[in-house]
Every structure is written in C-alpha cells, then in structure tokens.
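K.L.:
As they're listed, the protein sequences go chains G and E.
Just so you know, we're using the numbering used here here: the first sequence kicks off at 1 and counts up by one.
Just so you know, we're using the numbering used here here: the second sequence kicks off at 1 and counts up by one.
Calculated from the structure, these hints are not laboratory results.
It is possible that part of the hints are untrue.
Said to hold, decoys possible - Derived lysine-lysine pairs resembling DSS-like cross-links, with alpha carbons at most 27 Å apart:
#, chain 1, residue 1, chain 2, residue 2
1, G, K59, G, K105
2, G, K105, G, K70
3, G, K70, G, K56
4, G, K70, E, K13
5, G, K57, G, K105
6, G, K105, E, K57
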Amino acid sequence: TQLLEQSPQFLSIQEGENLTVYCNSSSVFSSLQWYRQEPGEGPVLLVTVVTGGEVKKLKRLTFQFGDARKDSSLHITAAQTGDTGLYLCADSYSGGGADGLTFGKGTHLIIQP
Amino acid sequence: KAGVTQTPRYLIKTRGQQVTLSCSPISGHRSVSWYQQTPGQGLQFLFEYFSETQRNKGNFPGRFSGRQFSNSRSEMNVSTLELGDSALYLCASSLRTLTGELFFGEGSRLTVL
C-alpha cells in the first residue's frame, strides 16, 4: 500500500513570506496531483505532474517533481491570505486494479495578515 | 457549468441508523467516486462508479455501499452507523476513470451521536 507523507503538517506564516511544503511517497508516483481545500469546500486540483524533474508554475505557486518521481514540493512566493487552506498531494494509479486516488494527510497552511 | 452537487450538506444521525447521501456529477461526467475525510485518516477512497458499474472499491466494510443511476447521479449508503463514521463524505466526478482530474463537491458532513 502506497503511503504519502506530507510535511509540515501545520504551517502558519505572515503574509508576504515564502514557504515550501513537501510530499514524499513510499513508492514511485504514477502521476502526482496537488489539490487545495478551503474550509467548507471540496478539494480543487491545482496541478498534475507526470515526468520526473518536471517543474510547473501557477502564478506564485511552483511545483517540482523529484527526478526519481518519489517526492514533490510546492513553493509559494509572497504568500497571501487567500492561499490559506489544506494542501493535499495525491497519486493516481492507471490501468487495472486501481484503488482511486491515494491522498496524503495534507499541510494545513494559514497565512496571517 | 454547474459543479458537483452533494446533498444533504449536513446531517446528524444516531448509532445504528442508516444514511443515504446523494451526488450529482458535472454534466457529461460518467465517473463518480466517493471519499471519506476525517482529521485522523485524511481522505480515503470508498468506491468509484462508471456507467452504473462499480469499478473499484476501497478498504471499507460492507456497511458502506453505493450505486449509480443511468443519469450518472450516484448515492452512497452507510448502514448500522458507528461513531467512527462521523466524517465529511466527498463525491468527485471525472471524465475518465481515476486518472483524470477530479472535480469535488462540497461534501456531506455526517455526525453520528
């Protein structure tokens, strides 16, 4: 059974600061997805990365996929209060015998004004 | 376009009762999956339906069941409720099974007393 470990579990910083959160897998990712979940809502997909070493940018968010495809990081530059939420990484299995997405437990991020 | 709609949003039940939750996917999406979210375990995959057939099932007891109708709407049922079933139940729809982007509803928050 694949295990996804996310760190830190909780992070509270001031607006304008930079931060990085991490996702590590016990096995090679099939494809890695990052979601953000705001209070009272369901998760929303931010990005999907597939290729080892891949870097994707989404405005102030930079997603990096490790060369060995077992780890990933999410870096936020100049955090804003709107970035507050639960950041989840997930892996999906393709092909037969899939078990649905496997999620990490997430990083709870609070950006204070 | 309309998003994923889940009903009811909140409900309170007592131990031993049963509950039925409903999910209407995005129009055109034939895959519907269900997840349980708790603070301790995070998001865990329950099951996935595609064209009225259960394609995959997570590691949950038989008290958890579901079905999908010809219009792709889905229901999940939990019988003989236990205190530990208190959770946010999230439904997600997708164009493809498991490997594509998941669009989540806002969830149904179940409290078992």
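K.L.:
Out of the numbered hints, which ones does the structure contradict?
P.N.:
4
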